[in-house]
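Below are the chains, spelled out letter by letter.
Number of protein chains: 2
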Amino acid sequence: MALRHAVLAALLDGEYSGYQLAKAFDIGVANFWHALPQQLYTELAKLEREGLVAGRQVIQESRPNKRLFRVTDAGQAELERFAADVSKPSFIRDDLLVKVQAADRIGTASVIEQLQERAAAADAKIELLGELLLRLRGDADEEEFLRTGERIGPYLTCLRGLSFEREHRQWCRRIAAVLGERRSSHAER
Amino acid sequence: MALRHAVLAALLDGEYSGYQLAKAFDIGVANFWHALPQQLYTELAKLEREGLVAGRQVIQESRPNKRLFRVTDAGQAELERFAADVSKPSFIRDDLLVKVQAADRIGTASVIEQLQERAAAADAKIELLGELLLRLRGDADEEEFLRTGERIGPYLTCLRGLSFEREHRQWCRRIAAVLGERRSSHAER
DNA sequence: TCTCGATACTCAATTATATGAATAGGCAGA
DNA sequence: TCTGCCTATTCATATAATTGAGTATCGAGA
Chain F
1022 MALRHAVLAA LLDGEYSGYQ LAKAFDIGVA NFWHALPQQL YTELAKLERE
1072 GLVAGRQVIQ ESRPNKRLFR VTDAGQAELE RFAADVSKPS FIRDDLLVKV
1122 QAADRIGTAS VIEQLQERAA AADAKIELLG ELLLRLRGDA DEEEFLRTGE
1172 RIGPYLTCLR GLSFEREHRQ WCRRIAAVLG ERRSSHAER
Chain Z
1022 MALRHAVLAA LLDGEYSGYQ LAKAFDIGVA NFWHALPQQL YTELAKLERE
1072 GLVAGRQVIQ ESRPNKRLFR VTDAGQAELE RFAADVSKPS FIRDDLLVKV
1122 QAADRIGTAS VIEQLQERAA AADAKIELLG ELLLRLRGDA DEEEFLRTGE
1172 RIGPYLTCLR GLSFEREHRQ WCRRIAAVLG ERRSSHAER
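So the sequence lines, in the order shown, correspond to chains F and Z. Just so you know, we're using my numbering here: the first sequence kicks off at 1022 and counts up by one. Just so you know, we're using my numbering here: the second sequence kicks off at 1022 and counts up by one.
Hints are computed from structural coordinates only; laboratory data are not their basis. Note that the structure is a prediction, hence the values are computed from the model and not measured. Some clues are possibly wrong.
The list makes no distinction among identical chains, and a pair is therefore deemed to hold if it is satisfied within one copy or across any two copies.
Okay, derived cross-link-like pairs now, DSS-like style, lysine-lysine, Cα gap no bigger than 30 Å in a straight line [what the hints assert, rightly or not]:
| # | residue 1 | residue 2 |
| --- | --- | --- |
| 1 | K1044 | K1067 |
| 2 | K1067 | K1087 |
| 3 | K1044 | K1087 |
| 4 | K1067 | K1109 |
| 5 | K1044 | K1109 |
Using the sequences and the accompanying hints, generate a full structural model.
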């Protein structure tokens, strides 16, 4: 029930097509919600039926036509309403954590490998987010931008994403090291 | 498809009833997965049908009877198999982040309030996890426990939970401050 | 020229999660 | 004694998310 609001929030920054939204939901926007393209198209169609977003066709020559969407006044009001009611707590849900939970009862080689891959993926994401933050705040420094910038929402969620990725990376590296040392020291499995 | 593995991993530490598991999934275990009681009962029934866990009835006098479950050899093997295949990336999905993304286009009063509630909830969770970690490692210090402890999986996932909650708390407080200052300074809305 | 990736979207089917309501006895506090 | 919470579980329904397949055109590079 919250994807609709994530889409509305993402559309606040301008007009996007389903395809562009899908891209955004794979990088920046993924800091607060994640969704596959199919879901987004479905959700946009629903939102349009309900009058919360409005779409317009854009005819293109050298590539398929597309439909750009923007938030309507009703959509804005819906977001406003949504912001007022209680949020459900946020949970971690992660396959890799499940594997670590079981770590000393199963073979750890593959888990260690996956921890390292995750750390590397986090590296890439951290760099990406760093660039995104820079682009969002322009010349201003962070402090000043947050005080006076006119659109700080996306910046704030990126900050969360960045801190999440940093912590995740650090944890992955540490756990990989811990499990690795245990493997080599008491030569189990 | 991963709840089953989360349940198996949680059951590695002994026998639990559905009810006890549900409790665990509300605190410690929630560091790697979250689920409602109904889901757990359903999952346990499925796992039992497939022979991955075994249940036994325990008759009680002063309260309802219960069924305790343990992981079978087949269950262990299934976990082993699961640990080997690729994990899907972990995503944040959080109502409150959606609200922050929209923050400067909607009224912020309620969002600020929710950020503060979240921070307070994180405080409580942090304390809880701190105690849990202490209980898990006993007298040893962390370094030593991680080197020589015989069951470190749950400890490692708790560490992740702790770091997640700490970062979350810090972010909530900072964002609440930023939004609060903007409200008071340019008296918008 | 042929393949491959990017743009742009749709449809169907399945699986996973969440919501809501019920049952039922014991025990603690007002 | 009445109220409500804790233990312990089940059933049904609804919503959300994932998986898989498919369509069609353009432009770049082998």
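Each hint, compared with the structure:
When the C-alpha separation of K1044 and K1067 is checked against a cutoff of 30 Å, the pair qualifies only within one copy, where the shortest distance is 20 Å, while the shortest distance between copies is 37 Å. In this assembly of identical chains, K1067 and K1087 lie within 30 Å of each other by CA distance solely inside one copy; the values are 17 Å within and 45 Å between copies. Taking identical chains as interchangeable, the C-alpha atoms of K1044 and K1087 lie at most 30 Å apart only when both belong to the same chain, with a minimum of 15 Å there against 49 Å between chains. In this assembly of identical chains, K1067 and K1109 lie within 30 Å of each other by CA distance both inside one copy and across copies; the values are 23 Å within and 28 Å between.
In this homomeric assembly, K1044 and K1109 come within 30 Å of each other (Cα to Cα) both inside a single copy, at 26 Å, and across copies, at 18 Å.
Checked against the numbered hints given earlier, this structure breaks none of them.
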